[in-house]
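*Asks:* Now for the letters of each chain:
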Amino acid sequence: MADTYTIISPENLVYKKTDLLLDNVMHYCPGCSHGTVHKLIAEVIDEMGIQESTIGIAPVGCSVLAYNYIDIDWQEAAHGRAPALATAVKRLMPDKIVFSYQGDGDLAAIGTAETIHACNRGENIVMVFINNGIYGMTGGQMAPTTLPGMPASTCPTGRDVKRDGNPLKITELLAQLPGTCFVTRHSVHTPGNVRKTKKALRKAFENQLANKGTSLVEVVSTCSSGWKMTPVQSNKWMEENMLPYYPLGDIKDE
Amino acid sequence: MRELKLMKGNEAIAQAAIRCGADGYFGYPITPQSEIMETLMAEAPWDTTGMVVLQAESEIASINMVYGGAGCGKKVMTSSSSPGISLMQEGLTYLAGSELPCVVVNVVRGGPGLGTIQPAQSDYFQAVKGGGHGDYKLITLAPASVQEMADFVEIAFDLAFKYRNPAMILSDGVIGQMMEKVELAEQKPRWTMEYIEKNHTWATTGKKKGQERRVITSVQLESSVQEEFNFKLQAKYREIEKNEVLYEKIMCDDAEYLFVAYGSSARICQKAIEIARSKGIKAGMLRPITLYPFPIQQLQELAKQVKGMLSVEMSAGQMVEDVRLAVNGKVPVEHYGRFGGTIHSPNEVVEALEQKLIGG
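From first to last, the protein sequence lines are chains U and Z. Residue 22 is where the first sequence starts when you use our numbering, and the numbers rise one by one after that. Residue 105 is where the second sequence starts when you use our numbering, and the numbers rise one by one after that.
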């Protein structure tokens with residue numbers, strides 16, 4: 022058997038973590054999708070060679086500290102306001118690449134107006150939307166995307182659609198707007214899905230280089246802590262419950 | 105020879121913004137200041153200087169667009185009137201907490217609530233005490249003429265960038281709507297990206313090779329770090345208070361009674377001084393030009409000379425509290441002012457002086 026030092030040689034290298042994904046210890050819980058999506062964004066920026074021109078807009082939510090993990094310039098927005106920041110950054114520096122990274126509470130509740138109007142103006146930006154159907158950071162409260170009957174700390178017996186309304190399919194809604202060019206929904210719970218999500222992210226950034234308008238990549242995600250499940254249970258629950266309501270695939274591609 | 109034009113205060117703000125080389129304006133219509141964005145849109149500066157002008161979906165969006173632009177080291181501004189400025193308070197505290205420079209114009213109207221579209225000065229507390237949550241201050245300039253509306257745009261930008269802090273031009277519906285002659289400054293070029301990258305080493309302009317990534321944020325999860333940051337902010341405010349007080353003294357040399365007034369109330373008080381003096385009352389005025397920092401020292405010196413001070417404001421009495429704090433009981437300080445969109449006349453001001461301070 023070859024010793025380890027022989028195996029670890031450049032010609033045997035099949036995968037290397039991108040340098041853009043920093044070595045800072047992530048604060049995300051085990052089983053959380055954020056880490057994977059961060060890695061994919063870092064890889065796409067690295068592979069496209071746009072590190073020096075990319076500016077990320079971080080949200081309020083679990084990914085408020087996203088700027089600790091990807092080695093680019095960042096601005097941290099007030100809750101829900103990332104699309105407004107991204108609008109100004111892109112318009113004032115049109116040769117830069119700008120993306121927002123937002124959770125469901127940020128993008129689809131408190132920031133609904135900013136989201137819809139940025140998309141409606143067709144701002145030439147990428148919006149990455151992490152939809153795990155719960156408020157992770159504040160401790161598991163109901164989100165605009167919490168499923169009917171799904172328990173959360175502010176709907177302990179489950180979301181009652183008569184009381185709380187139905188989960189908001191904001192991605193489908195945004196696809197209706199002429200300003201969006203690419204609206205797609207993915208997940209990162211299997212290696213195959215991770216690859217598809219990466220491809221979608223790459224396309225979204227390429228759309229921006231081609232001045233095509235707003236690209237929105239939703240990633241249906243897990244929140245093991247908020248859902249009170251193990252990571253394995255979370256993936257299974259997401260597949261059985263979230264994906265039927267939030268089906269994967271391109272909703273719009275122009 | 106420089107250009108002399110007749111225009112509204114609101115139009116002067118817009119013209120001055122273009123001419124001082126502003127990079128961006130983001131706003132939402134509200135009376136009595138909509139001429140600012142209307143003038144900018146009519147001037148189409150994107151074709152000349154490259155300035156971006158965008159109508160946002162709300163004041164919340166416009167102040168956050170300002171945050172995004174300011175974070176890139178750009179000269180960006182917004183304007184609104186009282187109810188819209190209330191909506192911007194979230195953005196303003198984030199701007200202060202992230203140490204971002206910008207200019208915000210408030211053409212004040214009567215409140216509370218939706219209030220009236222008529223002029224008022226009842227947003228003084230909101231402007232000079234912070235307005236949003238947390239310990240922060242806005243550098244606050246109070247123009248009293250259309251000329252000052254124009255001149256203060258560049259001064260506000262200069263102060264905002266010097267201290268990396270939002271600056272507010274606290275105007276009112278009178279100054280915004282009235283027409284006066286104004287001498288506009290020469291057109292200055294906008295900053296180049298090279299200039300911004302060299303001088304604003306905090307701005308997110310894209311991480312260059314070998315350069316640390318830049319992060320614009322106001323979140324400090326460690327309370328000790330947050331406290332340290334607050335000490336730094338407070339030290340900055342003490343510097344501003346030491347260096348940047350602006351005021352005007354009118355007929356103060358022999359004054360026995362002092363009006364303290366800013367903005368359109370200061371214009372009214374100029375006439376009130378004439379009327380008072382014709383009646384044999386030696387009146388003068390201290391006009392704070394910066395409301396934050398407030399001319400505390402100047403008021404303390406005048407307190408040694410005068411018999412009383414009348415804070416004249418179109419509010420139920422806001423600046424009067426700062427005048428009282430400044431003079432600390434040395435002389436009587438009273439308030440007079442009409443409010444809720446009503447403007448006091450010079451005669452009413454003189455009568456108030458006679459009744460409240462001189463006595464029968």
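To be clear, the hints were calculated from the coordinates, so they are not data collected in a lab. Fair warning: this is a prediction, and the values are worked out from it, not measured in the lab. Every residue gets a Cβ at the ideal spot worked out from N, C-alpha and C, and that includes glycine. Be aware that one or more of the hints could be misleading.
[As the list claims (entries may be wrong)] Partial pick of chain U residues on the chain Z-facing surface, computed with a CB cut under 7 Å: (1) 74; (2) 92; (3) 93; (4) 94; (5) 272; (6) 274.
[Stated by the list, open to error] Derived Cβ-Cβ restraints for the label pairs, each shown as a range: (7) U/231 - Z/350: 57 to 63 Å; (8) U/257 - Z/296: 44 to 50 Å; (9) U/220 - Z/292: 45 to 51 Å; (10) Z/239 - U/227: 43 to 49 Å; (11) Z/325 - U/174: 18 to 24 Å; (12) Z/375 - U/143: 51 to 57 Å; (13) U/29 - Z/305: 25 to 31 Å; (14) U/32 - Z/162: 35 to 41 Å; (15) U/220 - Z/238: 29 to 35 Å; (16) Z/339 - U/32: 27 to 33 Å; (17) U/162 - Z/323: 50 to 56 Å; (18) Z/306 - U/260: 42 to 48 Å.
[Claimed, not checked] Within a straight-line C-alpha distance of at most 20 Å, the following computed EDC-like cross-link-like pairs (lysine to aspartate or glutamate) qualify: (19) Z/311 - U/44; (20) Z/312 - U/193; (21) Z/311 - U/116; (22) Z/313 - U/68; (23) Z/312 - U/260; (24) Z/313 - U/44; (25) Z/353 - Z/438; (26) Z/313 - U/73; (27) U/117 - Z/438; (28) Z/311 - U/181; (29) Z/313 - U/116; (30) Z/312 - U/67; (31) Z/312 - U/185; (32) Z/311 - U/193.
*Asks:* Take the hints in turn and mark each one as holding or not.
*Replies:* Tested hints:
Residue-level restraint check for residue 74 of chain U holds (minimum Cβ-Cβ distance to chain Z is 5 Å; threshold 7 Å). With 7 Å as the threshold, the beta carbon of residue 92 of chain U comes within range of chain Z, its nearest partner Cβ sitting at about 5 Å, so the hint holds. Interface hint at residue 93 of chain U: satisfied, since its Cβ lies 5 Å from the closest Cβ of chain Z, which is below the 7 Å cut-off. Given the 7 Å rule on beta carbons, the hint for residue 94 of chain U holds: about 4 Å separates it from the nearest Cβ of chain Z.
At about 23 Å, the closest approach between the beta carbon of residue 272 of chain U and any beta carbon in chain Z exceeds 7 Å, and the interface hint on this residue is violated. Checking residue 274 of chain U against chain Z by beta carbon gives a least distance of about 26 Å; that is not within 7 Å, so the hint is violated. Residue 231 of chain U and residue 350 of chain Z have their C-beta atoms about 50 Å apart, which leaves the hinted 57 to 63 Å range violated. Residue 257 of chain U and residue 296 of chain Z have their C-beta atoms about 55 Å apart, which leaves the hinted 44 to 50 Å range violated.
Distance hint check for residue 220 of chain U and residue 292 of chain Z: the Cβ-Cβ separation is about 47 Å, which falls inside the suggested range of 45 to 51 Å. Take residue 239 of chain Z and residue 227 of chain U: their Cβ atoms lie about 45 Å apart, and the range 43 to 49 Å holds. Distance hint for residue 325 of chain Z and residue 174 of chain U: a CB-CB separation of about 21 Å, consistent with the stated range 18 to 24 Å. Our hint of 51 to 57 Å for residue 375 of chain Z and residue 143 of chain U holds, since their Cβ atoms are close to 53 Å apart.
Taking the beta carbon of each, residue 29 of chain U and residue 305 of chain Z are about 40 Å apart, not inside 25 to 31 Å as hinted. Between residue 32 of chain U and residue 162 of chain Z, the C-beta spacing of about 57 Å breaks the proposed range 35 to 41 Å. The given range of 29 to 35 Å is broken by residue 220 of chain U and residue 238 of chain Z, whose C-beta atoms sit roughly 43 Å from each other. Roughly 57 Å separates the CB atoms of residue 339 of chain Z and residue 32 of chain U, a value that falls outside the hinted 27 to 33 Å.
Checking the proposed 50 to 56 Å range against residue 162 of chain U and residue 323 of chain Z shows it is violated: the Cβ atoms sit about 19 Å from each other. A beta carbon spacing of about 44 Å between residue 306 of chain Z and residue 260 of chain U agrees with the range 42 to 48 Å that was offered as a hint. Using a Cα cut-off of 20 Å, the hinted pair residue 311 of chain Z and residue 44 of chain U holds, with the two alpha carbons roughly 17 Å apart. Between residue 312 of chain Z and residue 193 of chain U, the direct Cα distance comes to roughly 37 Å. Violation of the 20 Å bound is thereby established for this hinted pair.
A threshold of 20 Å between alpha carbons decides the hint, and for residue 311 of chain Z with residue 116 of chain U the separation of about 14 Å falls inside it, so the pair holds. Pair hint residue 313 of chain Z plus residue 68 of chain U holds up; C-alpha atoms about 16 Å apart against a cutoff of 20 Å. The hinted pair formed by residue 312 of chain Z and residue 260 of chain U fails the criterion: a straight-line CA distance of about 41 Å is larger than 20 Å. Between residue 313 of chain Z and residue 44 of chain U the alpha-carbon distance is near 18 Å, which keeps this suggested pair within the 20 Å criterion.
A threshold of 20 Å between alpha carbons decides the hint, and for residue 353 of chain Z with residue 438 of chain Z the separation of about 19 Å falls inside it, so the pair holds. For the suggested pair residue 313 of chain Z and residue 73 of chain U, the alpha carbons sit about 7 Å apart, so the restraint of at most 20 Å is met. Under the criterion of a C-alpha separation no larger than 20 Å, the hint pairing residue 117 of chain U with residue 438 of chain Z is inconsistent with the structure, at around 55 Å. Taken as a hint, the residue 311 of chain Z and residue 181 of chain U pair is broken in the structure, with Cα atoms around 47 Å apart against an allowance of 20 Å.
Simply put, residue 313 of chain Z and residue 116 of chain U have alpha-carbon atoms about 17 Å apart, close enough for the 20 Å limit, and the pair holds. Simply put, residue 312 of chain Z and residue 67 of chain U have alpha-carbon atoms about 14 Å apart, close enough for the 20 Å limit, and the pair holds. Between the alpha carbons of residue 312 of chain Z and residue 185 of chain U the distance comes to roughly 47 Å, so the proposed pair goes past 20 Å and is violated. Of the pairs offered as hints, the one joining residue 311 of chain Z and residue 193 of chain U is violated, with about 34 Å between alpha carbons and a cut-off of 20 Å exceeded.
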